[in-house]
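Two chains, each in its own frame: build the complex with the hints.
Sequences listed follow chains A and B, in order. Under my numbering, the residues of the first sequence are numbered 1 to 112, in order. Under my numbering, the residues of the second sequence are numbered 113 to 229, in order.
Please keep in mind that the hints were generated in silico from the structure rather than gathered at the bench. Careful: at least some of the hints might be erroneous.
Residues from chain A that face chain B, not an exhaustive set, calculated with beta carbons under 7 Å [unchecked claim]: (1) F65; (2) R95; (3) N98; (4) Q99.
For every residue, glycine included, the Cβ atom is placed at its ideal position computed from N, Cα and C.
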Amino acid sequence: DQQVKQNSPSLSVQEGRISILNCDYTNSMFDYFLWYKKYPAEGPTFLISISSIKDKNEDGRFTVFLNKSAKHLSLHIVPSQPGDSAVYFCAAIRRGNNQFYFGTGTSLTVIP
Amino acid sequence: NAGVMQNPRHLVRRRGQEARLRCSPMKGHSHVYWYRQLPEEGLKFMVYLQKENIIDESGMPKERFSAEFPKEGPSILRIQQVVRGDSAAYFCASSRGTSGGRQETQYFGPGTRLLVL
Chain A
1 DQQVKQNSPS LSVQEGRISI LNCDYTNSMF DYFLWYKKYP AEGPTFLISI
51 SSIKDKNEDG RFTVFLNKSA KHLSLHIVPS QPGDSAVYFC AAIRRGNNQF
101 YFGTGTSLTV IP
Chain B
113 NAGVMQNPRH LVRRRGQEAR LRCSPMKGHS HVYWYRQLPE EGLKFMVYLQ
163 KENIIDESGM PKERFSAEFP KEGPSILRIQ QVVRGDSAAY FCASSRGTSG
213 GRQETQYFGP GTRLLVL
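With the rest of the complex left out, here is chain B (with noise of 0.2 Å):
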């Protein structure tokens, strides 16, 4: 019984480039949500999504970050062109969704760790 699984473990990118986050929820799961940690904060919400709709993205920055999950396949986060200050930890947890309107437990992958240089 896989858990969350996220790739690349660790991303290093250059300014300017593009970075890809690749997140597969566990199984019997059909909710995903993308956090970030920075260093010395804690995991701040980015955006919630179901397969092919994006629930709540009041979390992500307006510009240059995007996220989908496809009917198949992984959800992906997407940071386009990258600044030095997107360096973190980011981290995808997958539920059943929601419970008498109550969001049930998040489990958590092992998150992906960029570096911007």
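With the rest of the complex left out, here is chain A (with noise of 0.2 Å):
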């Protein structure tokens, strides 16, 4: 079962535009989100993370906001560039559990 969704498996912005990749979530109990960006032949690279006591982070280019009642987050890339295109995945963990759950995955492109 797929706790953590990511329903568009692709995206694509024109350079300096918003990038806005979505996320949805099933088990209310998960209290703590992560995106991380991934490039062709390489691990994933941590990007921003959010707790759930909060409904925003920013860190420069990048802010992701947290719905709990939707059980929804989104992140937000603004000005989107070229080397911003990556797959991103966010994933959601909560306390007391090891595990990591992962979304499929979103490919932005980012047309310059």
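Next up, the structure:
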């Protein structure tokens, strides 16, 4: 069962515009969420995270929003750059559980 | 400050052979996780180990797969009698463990791409 879902397998955005990547989860026990970025032939790289006690966390061009009532989080990248082209995975964890639950990824292409 | 290292990066095996995948965690990390990514799928948790201990192997197939993290040396994921369905990218991640009851951020290696012919 896929407890973390990324329903958009791909997204294309013009350079300089905003990229919005979405993630939904089903387990209300998740209390910490992370975004990872993955280039081809490389491992995922940690990007940004958010605790369930917050609804927003910002780091430079990257902002993650959390809507607990909707069990939804999103990653905003603004302005988007061609180097942002990669696959983005969201992940969720909860206290007392060992596993990171990953979504299936969204492939972002930023068009110059 | 080396990151998580995995080798080999690519591994080709024939059906029935054994595959051994190695992972050296980041300096200061004593917790290792193995994930598998099948084509068109996300990362699936397999096993979580600390030095000399398997903490959680709930994601690992019951047969043919085993993992270890000895006191000295890298963590090893071993797949015996490989089948074509084992072809996938296998990623290792490491972390400092837990803090406040929650898993700390995991840092991933570059992965080993296993191809079973």
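Hints and how they fare:
Interface restraint check: A/F65 against chain B, minimum CB-CB distance 19 Å, threshold 7 Å, status violated. Of the supplied interface hints, the one on A/R95 holds, with its beta-carbon coming within about 4 Å of a beta-carbon of chain B, less than 7 Å. For A/N98, the interface hint holds, the least distance from its beta-carbon to any beta-carbon of chain B being 4 Å, beneath 7 Å. Look at A/Q99: its Cβ gets to within about 5 Å of chain B, closer than 7 Å, so that hint holds up.
The structure shown violates just one earlier hint, number 1.
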